[in-house]
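> Now for the letters of each chain:
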Amino acid sequence: MQDIIKVSALSKQFRNITAVDNLSFTVKQGDVYGFLGQNGAGKSTTIRMLLTLITPTHGTIELFGLDLRSHRIEILKQVGAIIEKPDMYKYLSAYENLKLFAKLSGVKCTDKMLMHQLEMVGLAGREKDKVKTFSQGMKQRLGIAISLIHDPKLIILDEPTNGLDPQGIADIRNLILHLSREMGKTVFVSSHLLNEIEQIATRVLIIDKGKKIVEGTAEELFDPSQTIVELDTLNNKQCMELLQQSQWQQCLQPQRSHTLLLKMHRDQLPALHKWVVEQDVGVISLQPRHTLEDFFLQVTSGKQYVEAFTD
Amino acid sequence: MWKLLQIELYKIFKRPRTYISFAAITALIGVIQLGLKMDGQAYVDFLMNSLKDNFEFDGQILNAYLVCYIILQLLLIHVPLLIALIAADMISGEANMGTLRLLLTKPVSKTQFILAKFLASSIYTFILLVWIAVFALAFSIYLFGTDDLIIQKTSYVVQIAENDVFWRYIGAFGFAFLSMLTVTALGFFLSLFAENSIGPIVTSMSIIIFFTILSTMTIPLFQKIQPYLFTTHMVNWKEFFDEKVDSQNVVIPGSIQNPQKIIDSALILVLHIVGLVSASIFIFKRKDVLS
Amino acid sequence: MMKHFLIILVAAVGFQTSAFSQDMTELINKVSAKLNQVNDYTAEGSLKTDVSFIKAPSGKVKVYFKKPNKFKLKKDGGISILPKGGVSINMNSMVMTSGYVALAAGESTVDGVKTKIVKLLPTDENSEIVLSTLYIDEANLLVRKAVTTTKENGTYEMGMTYSKYSNYGLPDKVVFSFNTKDYKLPKGITLEFDEGEKSSDLDKLKNKKGRVEITYNSYIINKGVDDSIFK
Numbered sequence: 001m002q003d004i005i006k007v008s009a010l011s012k013q014f015r016n017i018t019a020v021d022n023l024s025f026t027v028k029q030g031d032v033y034g035f036l037g038q039n040g041a042g043k044s045t046t047i048r049m050l051l052t053l054i055t056p057t058h059g060t061i062e063l064f065g066l067d068l069r070s071h072r073i074e075i076l077k078q079v080g081a082i083i084e085k086p087d088m089y090k091y092l093s094a095y096e097n098l099k100l101f102a103k104l105s106g107v108k109c110t111d112k113m114l115m116h117q118l119e120m121v122g123l124a125g126r127e128k129d130k131v132k133t134f135s136q137g138m139k140q141r142l143g144i145a146i147s148l149i150h151d152p153k154l155i156i157l158d159e160p161t162n163g164l165d166p167q168g169i170a171d172i173r174n175l176i177l178h179l180s181r182e183m184g185k186t187v188f189v190s191s192h193l194l195n196e197i198e199q200i201a202t203r204v205l206i207i208d209k210g211k212k213i214v215e216g217t218a219e220e221l222f223d224p225s226q227t228i229v230e231l232d233t234l235n236n237k238q239c240m241e242l243l244q245q246s247q248w249q250q251c252l253q254p255q256r257s258h259t260l261l262l263k264m265h266r267d268q269l270p271a272l273h274k275w276v277v278e279q280d281v282g283v284i285s286l287q288p289r290h291t292l293e294d295f296f297l298q299v300t301s302g303k304q305y306v307e308a309f310t311d
Numbered sequence: 001m002w003k004l005l006q007i008e009l010y011k012i013f014k015r016p017r018t019y020i021s022f023a024a025i026t027a028l029i030g031v032i033q034l035g036l037k038m039d040g041q042a043y044v045d046f047l048m049n050s051l052k053d054n055f056e057f058d059g060q061i062l063n064a065y066l067v068c069y070i071i072l073q074l075l076l077i078h079v080p081l082l083i084a085l086i087a088a089d090m091i092s093g094e095a096n097m098g099t100l101r102l103l104l105t106k107p108v109s110k111t112q113f114i115l116a117k118f119l120a121s122s123i124y125t126f127i128l129l130v131w132i133a134v135f136a137l138a139f140s141i142y143l144f145g146t147d148d149l150i151i152q153k154t155s156y157v158v159q160i161a162e163n164d165v166f167w168r169y170i171g172a173f174g175f176a177f178l179s180m181l182t183v184t185a186l187g188f189f190l191s192l193f194a195e196n197s198i199g200p201i202v203t204s205m206s207i208i209i210f211f212t213i214l215s216t217m218t219i220p221l222f223q224k225i226q227p228y229l230f231t232t233h234m235v236n237w238k239e240f241f242d243e244k245v246d247s248q249n250v251v252i253p254g255s256i257q258n259p260q261k262i263i264d265s266a267l268i269l270v271l272h273i274v275g276l277v278s279a280s281i282f283i284f285k286r287k288d289v290l291s
Numbered sequence: 001m002m003k004h005f006l007i008i009l010v011a012a013v014g015f016q017t018s019a020f021s022q023d024m025t026e027l028i029n030k031v032s033a034k035l036n037q038v039n040d041y042t043a044e045g046s047l048k049t050d051v052s053f054i055k056a057p058s059g060k061v062k063v064y065f066k067k068p069n070k071f072k073l074k075k076d077g078g079i080s081i082l083p084k085g086g087v088s089i090n091m092n093s094m095v096m097t098s099g100y101v102a103l104a105a106g107e108s109t110v111d112g113v114k115t116k117i118v119k120l121l122p123t124d125e126n127s128e129i130v131l132s133t134l135y136i137d138e139a140n141l142l143v144r145k146a147v148t149t150t151k152e153n154g155t156y157e158m159g160m161t162y163s164k165y166s167n168y169g170l171p172d173k174v175v176f177s178f179n180t181k182d183y184k185l186p187k188g189i190t191l192e193f194d195e196g197e198k199s200s201d202l203d204k205l206k207n208k209k210g211r212v213e214i215t216y217n218s219y220i221i222n223k224g225v226d227d228s229i230f231k
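Residue numbers (the working numbering), protein chains in the order written: chain F, 1 to 311; chain H, 1 to 291; chain V, 1 to 231.
Keep in mind the hints are simulated off the structure, nothing from the lab. Please note: incorrect hints may appear among the correct ones.
[To be verified] Part of the chain V face toward chain H, derived, beta carbon under 10 Å: (1) G106; (2) G154; (3) G159; (4) T161; (5) S163; (6) T180.
[To be verified] In silico DSS-like links for lysine-lysine, alpha-carbon gap of 30 Å or less: (7) H:K3 x F:K90; (8) F:K77 x H:K261; (9) H:K110 x F:K130; (10) V:K184 x H:K261; (11) V:K184 x V:K30; (12) H:K287 x F:K212; (13) F:K77 x H:K3; (14) F:K90 x H:K261.
Only a predicted model underlies this, so the values are computations on that prediction, with no experimental measurement involved. Glycine included, each C-beta is placed from N, C-alpha and C at the ideal position.
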């Protein structure tokens, strides 16, 4: 599989803020690559660097095996993008906007092709209306029409479901699946909501404060053998000593706070339960992390699990 | 490039804001013409006040050429605002609308993008001036007819023969175009630094007003810096309306008193334009689009 | 214009019969009689204005005259700038009053021609003209030079050159000189930014008198002139 995006040691410094910090990842052809992070994690900065809107401070970006800086125009011909909310010329109609951007994308479109594109995104009948009369969802659909008009190989979507209603969100999800499965496109999609991504992404990258937290397939991140258990008792110190002398010793993870961390296969949990109760250390809680959502919230709000996964 | 320019022009002339300028100019010129048509004699008497004690005039002093001169004198101070309205919006307006980032993800060279945008605003400026020329000159000719042009300067009066005027207006409009192009370049340059168009429009106008005040004041300190202000040079279209005289103080037809001054000022304005546009390209290529 | 002024001047003076200056009156009567041959004329010529602070192109003019006092200068297209009083004030004020005293004031040479100097004093106190001095070429009965002092418009000087039309007492060239006031407009009105260009031409002419020069190419004499022209 060809590397569609290859980012190496990418950093972006805005004055004294490091927005993106030494980030590396690779997107393969055909991937639906989920790019996760909370608001302000550096997702948009990364995406803008992929689209040459922002110049990196350090690092290199290759798209389709070409250096982005030296082959900008060539590369952008094969990329379609929606960055944050889709904005068009409000004083132009949907049709006029689409035609204008088609021209800019370097494709010659007949009226029929343009109308077909509008039909595909469900805007037929509204093509003559000025964009200023459109709802957020309609603008989003027009944005998609614009980003796909030149039949790009790579589609970059930055928070595509922002401001959409549940139906709109479902539509986008279906569209991404359609693009990937039926049309063989590579999709790079960012979100701060994991449940959107986990249903469609073949790979996931999670970043926080500009740094890579974890990257892998959804299956990898779900891997039952990689379940993290957070254990809290009345006497964690004593519990720790007992654990170190037990069969659980090799599951112990470095401690980040007062709670104890263990990594094990899901199936071992009942045995752990039983063992801890038997030690009579006063169990307060014993929590496994097994959904990506839970994991995502944890990794992005506190750092304790990060090391556990990135060891 | 041609495709980009077409698109930019399409955008300019599709937006209602563009036509405000044309409406404003038509109204302003119309008002001046109406006023002069109704009460022109009183205005001429006022103009000629300093001369009429000693001299008698015979002929149509208030003719199209004078009307056009009056209009240009009054209007060219205000046209920069109308130009800034579009030029200072070229980049900042797109940033504000959010279309800038979409445009720049298209396979388009940033240098060509900036040049196309600047060219498009220049064409707008040009059309605006042609509009002024048509209304202020052609329509005045229809309303007032032509005769010699008498212009009062601070220390002398110039009379230009009727058949010697028209080409001077072509020159003057050409020069005015350079002046206004400088304003276009300034507004355009400033539009790089903002994400709404109000800031650059107000800043462009403030700079022009501030420099114009410096250019006008006869205070020695200011006079030293006046040659370096582009506003000082912007008004030199008037030099087309000054003539050389022979040893008998008779005007040499078709002459310009100080052609070097026009050339120098034009060069300074061209330098400003080239400088501002180059700076715009240089900065834009390195600028991060965060809007 | 100047010619007209002369005719009126001379004609008016001709009426007065003071014994005090009998000789001079006779001379003036002769001059007047010569001028009276002309009932009307239309002349074509060129006009040059030379005032330090006016840059004016030379232009073609047409001059119309009809007895006793109708006079009109028309620029052939364009606007004419002429010193005030040069035409209208002299014409009107002088015809209305008839009382003058003519005094001999010696002799002088104008452009190499010997002339008699005659000073004309109006007897009417309301007259616009305070004093006129004529330099008359006695042999040819032509006025070579006239200096007129007016109440309102200062002193004018006219120099006349004759050739083809000297039989009618009509000059080929008239140079009208007059004093000018300083001219200066504030920058605020002219909207000029830099100092008004002080060209060397202007400096040279500073403090010089203003001049208007009319060179006549041709006269059409006594062929009738329509009254409507003078309106």
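> Does each hint fit the structure? Answer for all of them.
For each hint, the structure was consulted:
| no. | hint | result |
| --- | --- | --- |
| 1 | G106 | 32 Å, violated |
| 2 | G154 | 9 Å, holds |
| 3 | G159 | 15 Å, violated |
| 4 | T161 | 16 Å, violated |
| 5 | S163 | 21 Å, violated |
| 6 | T180 | 6 Å, holds |
| 7 | H:K3 x F:K90 | 21 Å, holds |
| 8 | F:K77 x H:K261 | 50 Å, violated |
| 9 | H:K110 x F:K130 | 28 Å, holds |
| 10 | V:K184 x H:K261 | 22 Å, holds |
| 11 | V:K184 x V:K30 | 46 Å, violated |
| 12 | H:K287 x F:K212 | 26 Å, holds |
| 13 | F:K77 x H:K3 | 16 Å, holds |
| 14 | F:K90 x H:K261 | 46 Å, violated |
Figure legend: structure checked against the earlier numbered hints; hints not met, in rising order: 1, 3, 4, 5, 8, 11, 14.
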